[in-house]
Amino acid sequence: MTSLSRGKYRIEIVPDHFVSDRLARRQLRHVKERIIELLLFLAAFVSVVTTVGIVVILVRESYVFFQAVSLWAFLTDSQWTPLFADAHYGIQPLLAGTLVSSTVALLVAIPLGTVIAIYLSEFAPFTVREVAKPFLEMLGGVPTIVYGYFALLFVTPLLQKIFPELPGFNLLSAGLVMGIMIIPYVSSVSEDAMRAVPMALREGSYAMGATRFQTAVRVVTPAAFSGIAAAYILGISRAVGETMILAVAAGMQPNLTWNPMEPAATITAYIVQVALGDLPHGSIGYQTIFAAGLVLALLTLVFNALGHMLRKRYRQAY
Amino acid sequence: MGEAVKVREIRAMIAARKRWDFAFGVVGMLALMVGVLTFAALFVEMIVEGAPRLSWDFFTQFPSRKPDQAGILSAWVGSTLVMLVTAATAVPLGVGAGVYLEEYAPRNWITDLIEINVTNLAGVPSIVYGLLALGLFVYGFGLGQSILTAGLTLGLLILPVVIVATREAIRSIPAAIREGAYALGATKWQTTADHILPYSLAGIMTGIIIGMARAIGETAPVITIGALTFIAFLPQAPLTGDPPAGLLDWVMSPFTVMPIQMFNWTSRPEAAFHQNAAAAGLVLVVMTLSMNALAIYIRYRLRRNIKW
Numbered sequence: 005m006t007s008l009s010r011g012k013y014r015i016e017i018v019p020d021h022f023v024s025d026r027l028a029r030r031q032l033r034h035v036k037e038r039i040i041e042l043l044l045f046l047a048a049f050v051s052v053v054t055t056v057g058i059v060v061i062l063v064r065e066s067y068v069f070f071q072a073v074s075l076w077a078f079l080t081d082s083q084w085t086p087l088f089a090d091a092h093y094g095i096q097p098l099l100a101g102t103l104v105s106s107t108v109a110l111l112v113a114i115p116l117g118t119v120i121a122i123y124l125s126e127f128a129p130f131t132v133r134e135v136a137k138p139f140l141e142m143l144g145g146v147p148t149i150v151y152g153y154f155a156l157l158f159v160t161p162l163l164q165k166i167f168p169e170l171p172g173f174n175l176l177s178a179g180l181v182m183g184i185m186i187i188p189y190v191s192s193v194s195e196d197a198m199r200a201v202p203m204a205l206r207e208g209s210y211a212m213g214a215t216r217f218q219t220a221v222r223v224v225t226p227a228a229f230s231g232i233a234a235a236y237i238l239g240i241s242r243a244v245g246e247t248m249i250l251a252v253a254a255g256m257q258p259n260l261t262w263n264p265m266e267p268a269a270t271i272t273a274y275i276v277q278v279a280l281g282d283l284p285h286g287s288i289g290y291q292t293i294f295a296a297g298l299v300l301a302l303l304t305l306v307f308n309a310l311g312h313m314l315r316k317r318y319r320q321a322y
Numbered sequence: 673m674g675e676a677v678k679v680r681e682i683r684a685m686i687a688a689r690k691r692w693d694f695a696f697g698v699v700g701m702l703a704l705m706v707g708v709l710t711f712a713a714l715f716v717e718m719i720v721e722g723a724p725r726l727s728w729d730f731f732t733q734f735p736s737r738k739p740d741q742a743g744i745l746s747a748w749v750g751s752t753l754v755m756l757v758t759a760a761t762a763v764p765l766g767v768g769a770g771v772y773l774e775e776y777a778p779r780n781w782i783t784d785l786i787e788i789n790v791t792n793l794a795g796v797p798s799i800v801y802g803l804l805a806l807g808l809f810v811y812g813f814g815l816g817q818s819i820l821t822a823g824l825t826l827g828l829l830i831l832p833v834v835i836v837a838t839r840e841a842i843r844s845i846p847a848a849i850r851e852g853a854y855a856l857g858a859t860k861w862q863t864t865a866d867h868i869l870p871y872s873l874a875g876i877m878t879g880i881i882i883g884m885a886r887a888i889g890e891t892a893p894v895i896t897i898g899a900l901t902f903i904a905f906l907p908q909a910p911l912t913g914d915p916p917a918g919l920l921d922w923v924m925s926p927f928t929v930m931p932i933q934m935f936n937w938t939s940r941p942e943a944a945f946h947q948n949a950a951a952a953g954l955v956l957v958v959m960t961l962s963m964n965a966l967a968i969y970i971r972y973r974l975r976r977n978i979k980w
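Here the protein sequences line up with chains A and B, keeping their order.
So for the first sequence, this note's numbering puts the first residue at 5; every next one is plus one.
So for the second sequence, this note's numbering puts the first residue at 673; every next one is plus one.
By construction, these hints were calculated from the structure, which means they are not laboratory data.
Note that this is a predicted model, so its numbers are computed, not measured.
Cβ coordinates follow ideal geometry from the N, Cα and C atoms, glycine included.
Each hint should be verified, as a subset may be incorrect.
[Claimed, not checked] To give an idea of the interface, some chain B residues facing chain A are shown, with a C-beta separation under 7 Å as derived from the structure:
1) L704
2) L804
3) Y811
Generate the whole structure from the sequences, applying the supplied hints.
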């Protein structure tokens, strides 16, 4: 490298191939940046891989299952006895169990969750809200096995005092406790939706002389409707996928019934039952849980997709 | 005369409407009370049934056929070890994914695909993760019913929680912070590592803690992978095997966890085992609730202290 001096300026003449230290450092830094970006991308891509993994595993094992059992029999047979000598593979009993327990749960969670959401969003004083919200969050954080214990050994004996003929395992008490567990999900999403309703709508309503209750029921709730609907649907999906409360408190015997006072297995409880046993890998019994899981995954997928669509709508509305 | 009647009518109407207001306030409180009372009943039941069983021995003994000698040693050790693997999986992946989606991701279909998957995975029932793990980790990768399998499964399960918390924490940092760093010539990663991550740390921590609290109480996926319910030995303590390969022996060990131990005791017919279940449940509830409370406290302080 040569340098020429012209007065107070100094001109450096740099050969073509020369890379200064600073430039080299910058290049290195550039490479490092790209590597980090790639690593972060891969971390984010894990979620896609997980979804693909779930789909592949469920479909692959179910495919083997459906080669042995026709889809028609799966949907129309009214018995589910894969582990018996006289094996039947009808999903109906499990679906019925899931449906009945979810219905009981939603009959608890939807009214209570909605009232709590309206109350917290429109009525409650600041201090009540500050205490109630974390409390509800904790209610949602209790492990479900603990709720299962509670349903079997506290709620069922309590219900048996009212209905003496109630069996020890039943869908009713499991559903009731599951409903309490779902309240926080329903109430928090609904409340978010109501909070997103602009103040101006409320102010307009108050200016017309409406009371709080009128404003809440006739202005805020309709305006937040799609968000509230999303909360219900997410609640349904929770109820359908809930496992331990049902496995503990509703029994694990498949039973085609619409009566919540009877014991019955749900899709999830069946999977637990099989997993607790010692089924050899690759047997048809082993594959049944993947077929049942596929049905479960499809059910929740439909509800979740619907819920997210509705939720997006209320976000866009204002 | 007529005017006075009208005024009275209007007053009556207003009073009636106000009564509705008041009535709804009461109904709302009652609805909240249902939650509070259930929770209180649950907690009291656990304490009444379980507290007499809580003693030093309960934590230091293995499960046993005799209910009064049974303890949760293998369960809490198993839970701790599984949580180590879960944290090692979920924290780097979740925070990394959150950072990528907020700071790096270009607006294109791949980003959309990732975002859709994150929201979708948050709604997948936990037992489906169990099936994934059974098919993929246990038999596909041949990891067996090990601590590693359970930890990875629960790590994937809580990934959406960590990702969402990370994104929300990062989103609350004003753009001026980034612009300041860029103006001084910092690269994207320097900005992220030196500014974005430290400032969003509290928010990310709440997400991690809530996720871990959920993982520690999860039963269904761990049962689905075929974890044993009766384990009367401890896995090798971490980092005590022959280095270098032996250091990780513990992750391949069979195990049981707290919720499974509780499930096992709950599903036995003898009432004495139910007391053990209540005691295990009490430990579990206190653990998850204190983790949740910690997260709520961090978030509360965060909201009060940070004024951008």
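Hint by hint, here is what the structure shows:
no.	hint	result
1	L704	holds, 6 Å
2	L804	holds, 5 Å
3	Y811	holds, 6 Å
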